[in-house]
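Student: The residues making up each chain are set out below.
Number of protein chains: 2
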Amino acid sequence: MGAGRPLLPMMDWARGYDRATLSSDLVAAVIVTIMLIPQSLAYAALAGLPPQVGLYASIAPLLLYAVFGSSRVLAVGPVAVVSLMTATTIGGLAQAGSAHYGVLAVTLAFLSGAMLLLMGLLRLGFLANFLSHPVISGFITASALLIAAGQLKVILGIKAEGHNFFEQVLGLLRQAPHTHALTAAIGLGTVAFLFWARRGVKPLLCRLGLGPRLADGLAKAAPVAGIAATALLTWAGQWQDQGVRIVGTVPQGLPPLTLPAWDWSLWQQLAVPALLISVVGFVESVSVGQTLAAKRRQRIVPDRELVALGASNLGAALTGGFPVTGGFARSVVNFDAGAQTPAAGVFTAVGILLAALLLTPALYYVPQATLSATIVVAVLSLVDLRILRSTWAYSRADFLAVVATLGVTLAAGVEPGLVAGVALSLLLYLYKTSRPHIAEVGLVPGTEHFRNVLRHAVRTSPRLASLRVDESLYFANARVLEDRVNALVAERPQLRHVVLQCSAINDIDASALESLEAIDQRLQDAGVALHLSEVKGPVMDRLRGTGFLRHLSGEVYLSHYQAIAVLAPEIVEQASLV
Amino acid sequence: MGAGRPLLPMMDWARGYDRATLSSDLVAAVIVTIMLIPQSLAYAALAGLPPQVGLYASIAPLLLYAVFGSSRVLAVGPVAVVSLMTATTIGGLAQAGSAHYGVLAVTLAFLSGAMLLLMGLLRLGFLANFLSHPVISGFITASALLIAAGQLKVILGIKAEGHNFFEQVLGLLRQAPHTHALTAAIGLGTVAFLFWARRGVKPLLCRLGLGPRLADGLAKAAPVAGIAATALLTWAGQWQDQGVRIVGTVPQGLPPLTLPAWDWSLWQQLAVPALLISVVGFVESVSVGQTLAAKRRQRIVPDRELVALGASNLGAALTGGFPVTGGFARSVVNFDAGAQTPAAGVFTAVGILLAALLLTPALYYVPQATLSATIVVAVLSLVDLRILRSTWAYSRADFLAVVATLGVTLAAGVEPGLVAGVALSLLLYLYKTSRPHIAEVGLVPGTEHFRNVLRHAVRTSPRLASLRVDESLYFANARVLEDRVNALVAERPQLRHVVLQCSAINDIDASALESLEAIDQRLQDAGVALHLSEVKGPVMDRLRGTGFLRHLSGEVYLSHYQAIAVLAPEIVEQASLV
Chain P
49 MGAGRPLLPM
59 MDWARGYDRA
69 TLSSDLVAAV
79 IVTIMLIPQS
89 LAYAALAGLP
99 PQVGLYASIA
109 PLLLYAVFGS
119 SRVLAVGPVA
129 VVSLMTATTI
139 GGLAQAGSAH
149 YGVLAVTLAF
159 LSGAMLLLMG
169 LLRLGFLANF
179 LSHPVISGFI
189 TASALLIAAG
199 QLKVILGIKA
209 EGHNFFEQVL
219 GLLRQAPHTH
229 ALTAAIGLGT
239 VAFLFWARRG
249 VKPLLCRLGL
259 GPRLADGLAK
269 AAPVAGIAAT
279 ALLTWAGQWQ
289 DQGVRIVGTV
299 PQGLPPLTLP
309 AWDWSLWQQL
319 AVPALLISVV
329 GFVESVSVGQ
339 TLAAKRRQRI
349 VPDRELVALG
359 ASNLGAALTG
369 GFPVTGGFAR
379 SVVNFDAGAQ
389 TPAAGVFTAV
399 GILLAALLLT
409 PALYYVPQAT
419 LSATIVVAVL
429 SLVDLRILRS
439 TWAYSRADFL
449 AVVATLGVTL
459 AAGVEPGLVA
469 GVALSLLLYL
479 YKTSRPHIAE
489 VGLVPGTEHF
499 RNVLRHAVRT
509 SPRLASLRVD
519 ESLYFANARV
529 LEDRVNALVA
539 ERPQLRHVVL
549 QCSAINDIDA
559 SALESLEAID
569 QRLQDAGVAL
579 HLSEVKGPVM
589 DRLRGTGFLR
599 HLSGEVYLSH
609 YQAIAVLAPE
619 IVEQASLV
Chain S
49 MGAGRPLLPM
59 MDWARGYDRA
69 TLSSDLVAAV
79 IVTIMLIPQS
89 LAYAALAGLP
99 PQVGLYASIA
109 PLLLYAVFGS
119 SRVLAVGPVA
129 VVSLMTATTI
139 GGLAQAGSAH
149 YGVLAVTLAF
159 LSGAMLLLMG
169 LLRLGFLANF
179 LSHPVISGFI
189 TASALLIAAG
199 QLKVILGIKA
209 EGHNFFEQVL
219 GLLRQAPHTH
229 ALTAAIGLGT
239 VAFLFWARRG
249 VKPLLCRLGL
259 GPRLADGLAK
269 AAPVAGIAAT
279 ALLTWAGQWQ
289 DQGVRIVGTV
299 PQGLPPLTLP
309 AWDWSLWQQL
319 AVPALLISVV
329 GFVESVSVGQ
339 TLAAKRRQRI
349 VPDRELVALG
359 ASNLGAALTG
369 GFPVTGGFAR
379 SVVNFDAGAQ
389 TPAAGVFTAV
399 GILLAALLLT
409 PALYYVPQAT
419 LSATIVVAVL
429 SLVDLRILRS
439 TWAYSRADFL
449 AVVATLGVTL
459 AAGVEPGLVA
469 GVALSLLLYL
479 YKTSRPHIAE
489 VGLVPGTEHF
499 RNVLRHAVRT
509 SPRLASLRVD
519 ESLYFANARV
529 LEDRVNALVA
539 ERPQLRHVVL
549 QCSAINDIDA
559 SALESLEAID
569 QRLQDAGVAL
579 HLSEVKGPVM
589 DRLRGTGFLR
599 HLSGEVYLSH
609 YQAIAVLAPE
619 IVEQASLV
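If you read the protein sequences in the order shown, they are chains P and S. Just so you know, the working numbering puts the end of the first sequence at 626, numbered straight through with nothing missing. Just so you know, the working numbering puts the end of the second sequence at 626, numbered straight through with nothing missing.
For reference, chain P alone in the conformation it holds in the complex:
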């Protein structure tokens, strides 16, 4: 890696930039901008922040990602899950809407950015791998359910609190009789419209004579249309006087210059949430980026992505924003709309900047229920309960990890949920590798192949036992092999040779080496010789430096067949007679 790669990824594409690329990028930027304006407002609200903060968080991060990012089409900004994590983290420390809340958001983005940057520079991107797919799936589904439950109260115009998902649902049911009818009509109407718009708008526009490309682009504007329509209706009916809560005054202007709070004890409090936000954001961003890059035979570099996301979050922190990452929906739209280079991101940033400068007065009459409706529709597409069925069928350990992550997140919140999921999946993996599959194998007659004696009709001898260990040997499983060999020796008085077929052993650590030495010593004491066969190159290299091979009572054979032919020719002869 790294050889011949330019210092900044943009050097790759900036040289060949021409008019055709410019036009593709501009078209994509317009479409993404239209999509991002309502999303940014909504995710800021989800994070407990004023709407303009969502716009701010979509400007500097987009620009910085364009400079440092290795994906050509990834669009960075506020996303649902990270906004929820932000709200959960800061909600416990400050009142939503207060100035302090905003400072905490900026500080969280700063810490997250610094961590991502550091992880990138130290090449620690592999840490994200410890979030398994089942844990991520369970976590995202649970987060989406938490978000949807939280937004429903805004859509229904009621007050309902709850410390976890189940309490929230219970609170919604209890408060349902107090639903504010007009608010609910706006909110649920928008939800229905957006669900319909997903499938219905494009065919309708095509039937009206528009080209499919244009129809597709316009369909992306459905949330904007919903916001505009409900804002107009609210203005016309002055519904805010009838209890419909509106966005209200949104300050107009450039993003402010902000600094994080320099407070060490606060940093300690925010450190774990910031780390979790960083890792979740990174995982989400990289998987989107990789999927899109592969479609054009491009490549993204995970450690580069860490640096780019780190810079983006630092940018968000310096411009009054909150934690951001690469978003799935917006990146796919950017890709589909034909974006060729990160310049599309720069143009999108300019578009959002213009919105922040000029458009905010138009947001005054937007009902909060409409914003919540766009969130609910967006996050419900993240709910994936099929993972429960598929992991149940494929692997009980993975199923347990999904259930634990999902259950703990819903019952206790995003942080405990993630931690429980990661811890459980690691423990289950260790448990699995600590009980390796050890097969006693015998010769398949007429071949040089060896198979499990329990599954196949194979030839063996009471004088020789062949064991195949289907796992690398390390401290957690080395003693299992000891037990197995001890049992063999105790059960078979005629035993003279034990041969370990090592074809699936990728590593032998110091504990396993001592176990092998102990096995060899005990076998010698019992008058049995220990042999190895099919030891891999790298494993053999390490064993060569040790006393184990010098003291080994038996030999190391290149193939298992060779070992048997030498040590127990009766097996081979029997077999060839059949």
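If you're looking for bench data, these hints aren't it; they were derived computationally from the structure. Bear in mind that the values here come from a model prediction, so they are computed numbers and not experimental data. Just to be clear, a hint being listed does not mean it is correct.
Claimed, not checked - With a cut-off of at most 27 Å between alpha-carbon atoms, the simulated BS3-like pairs for lysine-lysine come out as follows: (1) S:Lys268 with S:Lys343; (2) P:Lys207 with P:Lys268; (3) P:Lys480 with P:Lys584; (4) P:Lys250 with P:Lys343; (5) S:Lys343 with S:Lys201; (6) S:Lys343 with P:Lys480; (7) S:Lys584 with S:Lys480; (8) S:Lys250 with S:Lys268; (9) P:Lys268 with P:Lys250; (10) P:Lys480 with S:Lys268; (11) S:Lys480 with P:Lys584; (12) P:Lys584 with S:Lys250.
Using the hints, position chain S against chain P.
Tutor: The following block gives chain S in isolation, referenced to the frame of chain P:
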């Protein structure tokens, strides 16, 4: 396991018990009893308990182990490391020598016994496997150094305190000028005598005309001789009046009947230490037991051992003792002296009981420095610093685990040391498996073998890439394969086939399956087909139930050679021309 095994191991040997076995067992019991008396007194002192407690802890546990244990020669009782852990645990909660201290010791033995019993009944013996050899080595060496440093102040007759090893050593150096000359003469004299006795007594006795067997037995009595000699000298000189600290009055009689403190909050405080004591004791005991059993083609059953050690510790708790386990030195002596069955343990228990009943007045004049000297000589044989060199040479990860365990134990104590060692070795293992060795392989000309392209002169084709992954695929490493394949596709425009050689893949979890699906999808998007070869039976069984194989763009081949012959025959043809 378990089929045809009797309910109690003793049913195996009690039936065939005859006069010859009885005589072997009796001889062994006499030798072990002589060895155990000073050891028991010394380890009780090390644990901060009165000397008779050491005798009590060597009676009931020996009897119970004889009934439940699966080893025929293991001798159970107080051992150095567990005594140190007991002192560390209780020392923070009560004054050594107080009645409360004794109650805490009994409670700790009770909790440890209950945990061992429970682990045995739930078949959780595998948990002990997570203590790797390097961690155990580092821990035992550090414990031995801690013990020796702690005993040196008794040997020198000075007062020196320290919260960790380094402070203890510093304290010893500072207080050295206040050394009590007579005490030091006794203590250091005993140390020198015991070191000499190890090698010098047996040849001397042989030269005096004794048979080697008898000489060997008498050599084992060296510590008793040392104790008797210094006690006699102290009595003759009435040295206790000159500041030599003696054992003093030791109550005479049967072990008392005791009960643990029924105090839930105390149990919570003692839970973690009790668990660590249980696991360390179990690991020490099982490894001794296995080594000795193998020499006679016998076998010990780890889950049985948990039950037996659990019963032994419960027995210690009910008879005024403290945590016990199977000891190395005493078991080896028992074995060498010819013990045939656990009846030898029963006879030893009777011997110790007689000592508790009759011998304690004779202990009055024994100098404490003599007991400390026997401890120092015993534990110094546990110090093994060669493990540092051998792990450095064999595996840096194991070396780090030793250093961390050793360092943290010396600097912060036994509990943090063990926990740090286990945590670090697990993390290092996870780190290692998260970065699997992935080799690109090519055909060795004239064979059907495939080898790493970087190491061997092999045949490849720009149209096909063969990858061999040397690790099971799971969540922590699945993305590494994704990255590698993405890089290949981005670098090689001519690429049409990727073949994964799966011979070393023992498992594919749900995350890795999703990664493989993502890889396949991305390869399809890029016009490349993904194939598998040499997939193991159990892995194939699980894959068959999934959509992955149905959607796979390529095929699954039995052998890698077959795959290449079909997909890139030019490689095979080139090769055969050579």
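Student: What hint numbers does the structure not satisfy?
Tutor: 2, 5, 6, 10 and 12
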